[in-house]
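Asks: Residues per chain, in single letters:
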Amino acid sequence: MRKSLGGLALAGLLATSGAALAAPERIQVTGEAIDTWCYFSGVMGGADAVVGTAHHTCALWCAAGGIPVGLLADDGTVYMVLKLEGDDETNGGDTLLDVQSERLVADGLLYQRDGINYIVVEKVVANEGITNLNHEDYGPVPPFAIPELN
Amino acid sequence: MTRLGRLLLGLTLAALPLAAAGAHDKHLHGGGEAAKTKASMPAALPGPLPFKVGGPFDLVDHDGQTRGETDPEGQHQLLFFGYASCKAICDVALPRMAETVDLLEEDGTIVRPVFITVDPANDTPAVLKEATQALHPRMIGLTGSPEAVEAARQAFQVEASQVSRDIKGRPIYAHGSFIYLLAPDGEVLTLLPPVLGPDRMAEIVEKYL
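Chains as they are written, first to last, in the working numbering: chain A, 1 to 150; chain B, 1001 to 1209.
Among the hints, erroneous ones may be present.
[What the hints assert, rightly or not] So the derived list for chain A, only partly shown, Cβ under 8 Å to chain B, looks like this:
#, residue
1, I27
2, G31
3, T36
4, W37
5, F40
6, A64
7, G66
8, I67
9, P68
10, M80
11, R113
12, D114
13, Y138
14, P140
[Claimed, not checked] Simulated restraints, written as ranges between beta carbons of each label pair:
#, chain 1, residue 1, chain 2, residue 2, range
15, B, T1109, A, V125, 40 to 48 Å
16, B, D1107, A, G139, 43 to 51 Å
17, A, E25, B, I1110, 34 to 42 Å
Bear in mind the hints are in silico, worked out from the structure with no lab data behind them.
Each residue gets a CB set at the ideal place from its N, CA and C atoms; glycine is no exception.
Here chain A stands alone, though its shape is the one from the complex (with noise of 0.2 Å):
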């Protein structure tokens, strides 16, 4: 898993064009990297369980699969990845399978719209890795997210 992302690659992409715009807050967020998905619609189990180690790999499969990845901050705010240092696009990227699960200090660029948190995350400034090792207690979440070995 790789702890240190890529250079930067903003320049000219987000770029306010007026001053009508309303300039983004420069926040740092600390929390989990997570699958939007399973952890919204709830049909993979409670937000406790389709969170850490036991969403890990399902995660993953959906962050590949092109659903958004968001930050779920410690205060329980969940923030939607446009973007994360080292992302060419605003919309998808690999780099964020690389981050799935884990817990990181994250400075960016908050928009807010339509009383929705985005964030274009300029620099990871912390990556504690998967801290979060929940699959003691639940085990895959779901189970049928991990390879079968024949």
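Use these hints to put chain B onto chain A, whose structure you have.
Replies: Same frame as chain A, now just chain B:
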């Protein structure tokens, strides 16, 4: 079953109880936004999108006609990038987008659903026509040359990369999955996470119309 197969199964299962998704929408919003009813939403239009995304594109629709970012009938548009054989996020986002369009239509608002492929090699106009018409009768499928499709993706900053092949040998892509609301002239008004339920998407879209 392969890991990929299990992923797709998982995503398919996840897509079934769509109504459940709205149950946790509140977690997405700051300040209790989700608890507000439509009547209590601020009346003022949101400002311009605070970052640059979108732009012109020059593609071919599922009937073989040239089509750009402007809607010829002057309709607002909901735009999603994906591919016809996708059994992952497209199977979640596109039905939601179609249902959102229907919810808006019930309120007398016509919005055009648009689907741009990230796989122009396989998604011919005929393939897209079958795929889109199965989802919504007014959905437009767009394809084009690899260069034209890539230009459209780049304009909307949508990443797409082939990660594997399915059992029929068709490519499987990881791709960006936000839904864009476009004005009739193609300007991006806002974006919608595909994890939102259709009710919430419709509520957001109506603020911009």
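Asks: Where does the structure disagree with the numbered hints, that is, which hint numbers, in rising order?
Replies: 1, 2, 13, 14
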